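What follows is the residue order along each chain.
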Amino acid sequence: MRTARRSGDKPANPVPVSPAGKAHGKTPSGTITEQLPVAEAFETKDRKSKKPDKGPAAGKAADESAKPGAGGRAFWSGSITIGLVNVPVRLQSMVKDTSFSFRLLHRTDGQPLRYDRVCSREGRVIPWTETVKGYEIRKGEFLVFEPDELKAVMPESDRKIRISKFVHYLSLDPMYFENSYVLVPDRSEEAYNLLLTAISEMNLAATGTITLRTKEHPVVVHAYRGGLVLTTLRYVDEVTPPDAMEAFAGLPVPKETELALAKRIIAELTGDFSLSDFHDRYREAIEALIEKKLAGEKIVYEEPHPEEAKELMQALKETLATLSAK
Amino acid sequence: MRDLTRVRLTNLDKVMYPAGHVTKSEVITYYVRMAPRLLPFVRDRPLTMHRYPDGVGGEAFYEKDAPQGTPEYVDIFTRYSETADRDIHFVLCNNLDTLVWLANLGSLELHVTLSTTEDYESPDLLLFDIDPEPPLAFDDVIDVAHVVREHLEDAGFVPYVKTSGKKGLHIVIPLVAGYRFAEVRDFAHTVGKEIAKDTLHVVAEFPHSRDPGTIFIDYLQNAHGKTMAAPYSLRATPGATVSAPVRWDQLKRGVRAEDFNIRTILQGNEDPWRGMFENRQKIR
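As you go down the protein sequences, you meet chains A and B in turn. Residue 47 in numbering that gives the first Met the number 0 sits at position 48 of the first sequence, and the numbers go up by one each step. Residue 268 in numbering that gives the first Met the number 0 sits at position 269 of the second sequence, and the numbers go up by one each step.
Please keep in mind that the hints were generated in silico from the structure rather than gathered at the bench. Treat the hints with care, as some may be off.
[Claimed, not checked] Simulated crosslink set (SDA-like; lysine to any residue; CA at most 25 Å straight-line):
{"id": "1", "chain 1": "A", "residue 1": "K291", "chain 2": "B", "residue 2": "R5"}
{"id": "2", "chain 1": "A", "residue 1": "K291", "chain 2": "B", "residue 2": "T22"}
{"id": "3", "chain 1": "A", "residue 1": "K316", "chain 2": "B", "residue 2": "S121"}
{"id": "4", "chain 1": "A", "residue 1": "K309", "chain 2": "B", "residue 2": "T263"}
{"id": "5", "chain 1": "A", "residue 1": "K316", "chain 2": "B", "residue 2": "R42"}
{"id": "6", "chain 1": "A", "residue 1": "K316", "chain 2": "B", "residue 2": "D270"}
{"id": "7", "chain 1": "B", "residue 1": "K192", "chain 2": "B", "residue 2": "T213"}
{"id": "8", "chain 1": "A", "residue 1": "K316", "chain 2": "B", "residue 2": "K225"}
{"id": "9", "chain 1": "A", "residue 1": "K291", "chain 2": "B", "residue 2": "D2"}
{"id": "10", "chain 1": "B", "residue 1": "K13", "chain 2": "A", "residue 2": "K159"}
{"id": "11", "chain 1": "A", "residue 1": "K159", "chain 2": "A", "residue 2": "M93"}
{"id": "12", "chain 1": "A", "residue 1": "K316", "chain 2": "B", "residue 2": "D139"}
{"id": "13", "chain 1": "B", "residue 1": "K225", "chain 2": "B", "residue 2": "A181"}
{"id": "14", "chain 1": "A", "residue 1": "K316", "chain 2": "B", "residue 2": "K192"}
{"id": "15", "chain 1": "A", "residue 1": "K309", "chain 2": "B", "residue 2": "T77"}
{"id": "16", "chain 1": "A", "residue 1": "K291", "chain 2": "B", "residue 2": "K63"}
{"id": "17", "chain 1": "A", "residue 1": "K292", "chain 2": "B", "residue 2": "K192"}
{"id": "18", "chain 1": "A", "residue 1": "K292", "chain 2": "B", "residue 2": "S121"}
{"id": "19", "chain 1": "A", "residue 1": "K291", "chain 2": "B", "residue 2": "V14"}
{"id": "20", "chain 1": "B", "residue 1": "K13", "chain 2": "A", "residue 2": "K291"}
{"id": "21", "chain 1": "A", "residue 1": "K316", "chain 2": "B", "residue 2": "K13"}
{"id": "22", "chain 1": "A", "residue 1": "K292", "chain 2": "B", "residue 2": "P133"}
{"id": "23", "chain 1": "A", "residue 1": "K316", "chain 2": "B", "residue 2": "R273"}
{"id": "24", "chain 1": "A", "residue 1": "K309", "chain 2": "B", "residue 2": "K192"}
{"id": "25", "chain 1": "A", "residue 1": "K291", "chain 2": "B", "residue 2": "R42"}
{"id": "26", "chain 1": "A", "residue 1": "K316", "chain 2": "B", "residue 2": "T22"}
{"id": "27", "chain 1": "A", "residue 1": "K316", "chain 2": "B", "residue 2": "R7"}
{"id": "28", "chain 1": "A", "residue 1": "K309", "chain 2": "B", "residue 2": "R273"}
{"id": "29", "chain 1": "A", "residue 1": "K291", "chain 2": "B", "residue 2": "A181"}
{"id": "30", "chain 1": "B", "residue 1": "K281", "chain 2": "B", "residue 2": "D139"}
{"id": "31", "chain 1": "B", "residue 1": "K13", "chain 2": "A", "residue 2": "M93"}
{"id": "32", "chain 1": "A", "residue 1": "K291", "chain 2": "B", "residue 2": "I75"}
{"id": "33", "chain 1": "A", "residue 1": "K292", "chain 2": "B", "residue 2": "Q220"}
{"id": "34", "chain 1": "B", "residue 1": "K63", "chain 2": "A", "residue 2": "K159"}
{"id": "35", "chain 1": "A", "residue 1": "K292", "chain 2": "B", "residue 2": "R273"}
{"id": "36", "chain 1": "A", "residue 1": "K316", "chain 2": "B", "residue 2": "T69"}
{"id": "37", "chain 1": "A", "residue 1": "K309", "chain 2": "B", "residue 2": "D248"}
{"id": "38", "chain 1": "A", "residue 1": "K292", "chain 2": "B", "residue 2": "P211"}
{"id": "39", "chain 1": "A", "residue 1": "K316", "chain 2": "B", "residue 2": "A181"}
{"id": "40", "chain 1": "A", "residue 1": "K291", "chain 2": "B", "residue 2": "R85"}
Remember, it's a predicted structure, so these values are computed and weren't measured experimentally.
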């Protein structure tokens with residue numbers, strides 16, 4: 000039996016953990032509805048992680064994630080609940096989004112562009128107080144939902160990871176795995192290590208549910224590198240169902256000789272897989288580009304000072320006229 | 000703004016002269032308004048920037064080499080410098096955008112060489128740099144400047160004068176092409192010596208140049224690579240003074256260098272140095 004670990008100790012194999020604010024690779028779909036179509040299109044195109052917008056509802060969701068853990072990186076604390084047993088834990092993100100994001104600027108003056116909520120009919124910017132959520136049932140036809148109506152059905156975040164069943168980890172289909180988080184013992188290391196040791200020795204994983212922000216997720220908790228890791232799972236209807244793959248049934252059967260040749264080639268290329276051999280070459284190229292730019296010209300934002308610059312603009316106009324008259 | 004200048008203006012609100020609360024916006028505006036007078040003079044003259052990124056009173060530095068990120072509209076003159084043992088990429092303030100860019104960089108003072116890139120080894124300006132040592136003051140410099148003027152006029156020259164923006168006066172003669180710095184320096188030295196002979200306080204030799212109660216007619220500025228504050232250049236003084244060209248008849252006892260500053264200079268509308276380069280002179 001392994002000995003209990005003090006909370007200050009690091010796991011044997013430290014894993015990269017991103018700061019709390021960036022905990023999610025994706026924001027639960029609930030907050031995406033806060034985004035304007037234009038913003039969504041841009042962000043998706045740029046493969047940028049969706050940040051919660053600054054709307055009132057999104058702000059509430061952000062509060063929950065901003066709560067700092069003891070290490071400053073945990074963004075959720077609660078407990079694993081198995082029947083009447085509670086194991087207090089904190090959640091730390093394991094997945095870091097390293098994709099690049101650029102700001103979109105106005106080419107002529109280098110000013111960052113911002114997104115506004117513009118009414119598609121009036122063409123003016125609408126303050127948050129004048130907004131309401133709508134669900135598009137047909138093109139241009141919406142069902143309107145008041146905040147209270149949505150609040151009523153919103154899952155309650157009771158800070159519990161409810162475990163309902165223990166299963167063999169390998170029986171789970173990785174296609175459904177979404178995001179992984181390290182579970183860190185919160186105060187009670189004994190309870191944590193008891194659970195960890197028990198499922199490790201039985202080669203089992205715990206399945207259940209967690210509510211993160213405003214979405215309930217199925218989860219699996221399993222032993223990984225000396226600790227517990229929680230992985231959120233996609234819902235069945237979020238993944239292409241197996242019957243959509245029927246088209247593959249009619250594929251022609253390969254010839255024996257060809258198959259033998261293919262297998263030989265594959266056998267020669269068989270070896271150990273090392274993920275660290277792979278690099279995001281686009282990101283590295285961009286980083287190198289940024290270094291170069293930093294060494295050379297910097298793009299500096301111009302602060303708009305309409306009043307301050309009025310004199311200057313007038314002087315420029317007059318002088319340009321004088322100089323061109325010469 | 001972008002249709003008026005290619006310069007990316009930054010921190011326009013920054014106070015460059017705390018005493019008079021002169022902002023960078025005001026500094027740039029000043030240089031823009033002075034451009035029609037300043038640009039023809041500084042054209043093709045390698046520049047030394049006196050940069051005050053945090054305004055007067057803050058850290059300052061001289062810069063001869065074009066800084067990193069110098070935009071493409073800035074003309075550059077590359078020259079090997081023996082003292083630095085490397086190529087120096089001098090900025091040439093040849094257009095309005097460059098002038099605005101310089102002002103935006105906090106280059107409050109613009110100093111230019113006495114020769115142009117057309118013939119860099121050959122000065123086209125002769126400079127008498129006249130500075131007082133306390134207790135003598137600006138009034139005494141004015142007296143001496145008039146002596147120098149009379150002396151030069153008697154010899155058939157048309158000298159031009161400007162305040163240095165600090166303690167003294169600069170007397171300038173535009174020259175025809177082809178002189179060497181040594182010739183020009185000798186000429187200025189000779190003039191200084193003759194005046195020193197029978198003018199109170201005036202010294203013409205370097206060892207005495209800092210003696211109290213003297214006025215030195217400095218001929219040594221007429222040398223390769225030396226610079227002079229450009230006419231209409233601001234100076235980094237508390238009062239935001241300008242190195243201001245003046246008419247000789249304006250230059251009377253009682254006039255103070257501080258009278259010519261960023262906020263007053265525009266009022267005298269005629270450029271006293273107008274037509275200077277149509278009046279190039281021979282020193283022998």
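Taking the hints in turn, this is what the structure says about them:
no.: 1; hint: K291(A) with R5(B); in the structure: holds, 23 Å
no.: 2; hint: K291(A) with T22(B); in the structure: violated, 33 Å
no.: 3; hint: K316(A) with S121(B); in the structure: violated, 36 Å
no.: 4; hint: K309(A) with T263(B); in the structure: holds, 20 Å
no.: 5; hint: K316(A) with R42(B); in the structure: holds, 21 Å
no.: 6; hint: K316(A) with D270(B); in the structure: holds, 20 Å
no.: 7; hint: K192(B) with T213(B); in the structure: holds, 14 Å
no.: 8; hint: K316(A) with K225(B); in the structure: violated, 34 Å
no.: 9; hint: K291(A) with D2(B); in the structure: violated, 29 Å
no.: 10; hint: K13(B) with K159(A); in the structure: violated, 54 Å
no.: 11; hint: K159(A) with M93(A); in the structure: holds, 20 Å
no.: 12; hint: K316(A) with D139(B); in the structure: violated, 42 Å
no.: 13; hint: K225(B) with A181(B); in the structure: holds, 13 Å
no.: 14; hint: K316(A) with K192(B); in the structure: violated, 49 Å
no.: 15; hint: K309(A) with T77(B); in the structure: violated, 37 Å
no.: 16; hint: K291(A) with K63(B); in the structure: holds, 24 Å
no.: 17; hint: K292(A) with K192(B); in the structure: violated, 56 Å
no.: 18; hint: K292(A) with S121(B); in the structure: violated, 39 Å
no.: 19; hint: K291(A) with V14(B); in the structure: violated, 32 Å
no.: 20; hint: K13(B) with K291(A); in the structure: violated, 29 Å
no.: 21; hint: K316(A) with K13(B); in the structure: holds, 23 Å
no.: 22; hint: K292(A) with P133(B); in the structure: violated, 51 Å
no.: 23; hint: K316(A) with R273(B); in the structure: holds, 22 Å
no.: 24; hint: K309(A) with K192(B); in the structure: violated, 52 Å
no.: 25; hint: K291(A) with R42(B); in the structure: violated, 32 Å
no.: 26; hint: K316(A) with T22(B); in the structure: holds, 20 Å
no.: 27; hint: K316(A) with R7(B); in the structure: holds, 17 Å
no.: 28; hint: K309(A) with R273(B); in the structure: violated, 29 Å
no.: 29; hint: K291(A) with A181(B); in the structure: violated, 45 Å
no.: 30; hint: K281(B) with D139(B); in the structure: violated, 29 Å
no.: 31; hint: K13(B) with M93(A); in the structure: violated, 45 Å
no.: 32; hint: K291(A) with I75(B); in the structure: holds, 22 Å
no.: 33; hint: K292(A) with Q220(B); in the structure: violated, 40 Å
no.: 34; hint: K63(B) with K159(A); in the structure: violated, 67 Å
no.: 35; hint: K292(A) with R273(B); in the structure: violated, 44 Å
no.: 36; hint: K316(A) with T69(B); in the structure: holds, 24 Å
no.: 37; hint: K309(A) with D248(B); in the structure: violated, 36 Å
no.: 38; hint: K292(A) with P211(B); in the structure: violated, 53 Å
no.: 39; hint: K316(A) with A181(B); in the structure: violated, 44 Å
no.: 40; hint: K291(A) with R85(B); in the structure: holds, 23 Å
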